[in-house]
Amino acid sequence: MQRRTILKGGAALGFASMVGGKVAFAQGLEKVKAGFVYVGPIGDGGWTFQHHEGALAVQEAFGDKVEIVWQENVPEGADAERVLTQMALSGCNIIFTTSFGFMDPTNAVAAKFPDIKFEHATGYKREHPNVSTYNARFYEGRAVQGHIAGKMTKSNKIGYIASFPIPEVIMGINSYYLHAKKVNPDVELSIVWAFTWFDPAKEADSAKALIDQGVDVIASHTDSTAPLAEAAKTNGAVIGFGQASDMADYKPSPRVSSIIDNWAPYYVKRVGELLDGTYAQVDSWAGIPEGEVEIGEITDAVPADVKAEAEAMRDAIAARTYHPFTGPINKQDGTPWLAEGVTAPDGDLLGMMFYVEGITGDIPS
Amino acid sequence: MVRLEKRPSPSAFWLWATPVLAVILTMIAGGIMFAILGKNPFEAIRTIFWDPLFNEQFASYSRPQLLVKAGPLILIAVGLSLGFRAGIWNIGAEGQYIMGAIFGAAVGLALYPIETRWVFPMMVAAGIFGGWLWAMIPAILKTRFNTNEILVSLLLVYVAQNILASMSIGLLRNPEGGGFPGSRNLSQIPAMANPELIPGTGLHWGVILAFVVVIAAYILLQRHILGYHIKLAGQAPKAARFAGVSPNRLVLLCMGLSGALAGMAGLFEVTGPSGQISIDFNVGYGFTAIIVAFLGRLNPIGILLAGLLMALTYIGGELASFMLGLPAAAIQAFQGMLLFFLLAVDLLTNFRIRFGTIKEAR
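Residue numbers (the working numbering), protein chains in the order written: chain A, 10 to 374; chain B, 9 to 370.
To be clear, the hints were calculated from the coordinates, so they are not data collected in a lab. Even glycine gets a Cβ: it sits at the ideal position worked out from N, Cα and C. There's no promise every hint is true.
What the hints assert, rightly or not - If you want a taste of the chain B side facing chain A, the calculated C-beta under 10 angstroms gives, among others:
(1) S70
(2) F188
(3) A244
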């Protein structure tokens, strides 16, 4: 108990020295110190880079009303808990933890600092009133990629470099496959499990393995540019997509399009709410309509008609007139999942641990 | 002209002065690096070495965290140092650490939800066994087939990492975790938890065991015949053989001991600070402990101090990273400098620096 009181005292101290009794509105803060905890290096060119872009957007939006601090390369586990505690003690008012593995540490530290807001990306635990979670509907972007992949493949073999067998990744695989299959009934999907979020060497090996199998369109759910670098070695025979970040260096080919995680709108919104006193706990899951998921420029390597179709799909998703998981869809074993015209409930997606019909192989377990 | 002259025997003064000199040189070179990065070097050095201990805002939290971070490092490094002294090179403590955690966690989770007092001791025993078993593979291969224990133990780290990944998404996965990788949180299950024993001190069973092991290793090396054999085998292998020391027995003993201690460290970590078996459970303690062992001169007391110093650079580095916006790579480079300077000035222990030209003997 004693440690908790010490911590609370320390937190209150840091809080007071930061805010200095300058509370403007009923609950709003005059100045916000926002902390960002990254799992990788900012220079990864993908996941962490995009979160940092979001952090910088917060700084830009609010100027000297906001101070941002961040820490990169934080291991998931015991170290994360310490980093979070130290950030809280240093007077942060809100802390964003940007990797799934920070889930338990975020909730544990949040319990000790009830006055500080915690925001955990891609997790599902909100054990305390000061913990919110946020994620993006990446599967919406995968639908557009699947369409391009189905149209572009010459070998009818497309590939997917998967990170970990969790619902978020499986959702992406299913969406990618469904939309490739829709425009190309002969398409076959090969999946390689890399068991990492960021490991350029492993990602390159995975891409090589797919290319050796005859795959000519590769999507990846890992963070580095290594798969595109491998595809670039094939002189245009193999194409791929930017992941998390635009990866524009590989334009116009092999990178023919990309999924861009744009966290800026969410970060700006949440910090703004803290400033004006309207902040409340949320479980946010935004996508293309909100601008949190963006489709990077579709290059000239893609024929104009395919590009137009892909953009039409993007716009339909943005207008909420099309849902990437619209029935009829069967599960891999042939049992029905969604009936004709029915769209997938969020709960089904968040717990998705099955492939859709047509995908071969098993989810590793 | 500067030249080196070999000392007749290693200098006792420099043996202990070189680590201090290395820390000072690291501060100077690191300070220059921070200055080039556009940060105030004095502020950066102060944040790394001073703030975790004495900063009003943090110290009450950071100081106990030093023990949490140093505990596994010391536990592993002491085990490794015994082998290193005897010329037996266990480089795979990271793998033994992982296997200890897996074995211990598996026993605990198999018994879930039994809530009795003997669950935790059984897990500790399983953790020790797991680490020992993983170290026995290179040990037996060395004694039977004369393979190189450096290579085998190192490569087994990668095997252990793959087993860890498979356990986190398979056998040990939390059945209530919604399909996400990772086991149940052991630190939240009272029968399996390794909590902070005295609030506000950071002391958990692993830290206490680390202190016990330091003392035990000190006594072993100073007073026990086995300690004498270990030292003898390292300094004069032939003499050791004449004195009746069996090299094979020594390999099995030293590898086994270091593996068991690494496994124990893994178990205390997975039930305490880390909390769960997950794909990224290991964060390099097993490799960092090699640095700690040498920084501490393969001496138990030295390792205790080296472990605390290393923990200080980690925790201070974290503070400097987010308070001053230093890139994580700069902190890693700073830690690398420490090892570099230590090895460089180590020269002074065995050599004298002489100025002037050599008078040629005719």
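Each hint, compared with the structure:
| no. | hint | result |
| --- | --- | --- |
| 1 | S70 | 7 angstroms, holds |
| 2 | F188 | 5 angstroms, holds |
| 3 | A244 | 42 angstroms, violated |
Against the hints set out earlier in the document, a violation occurs for number 3 only.
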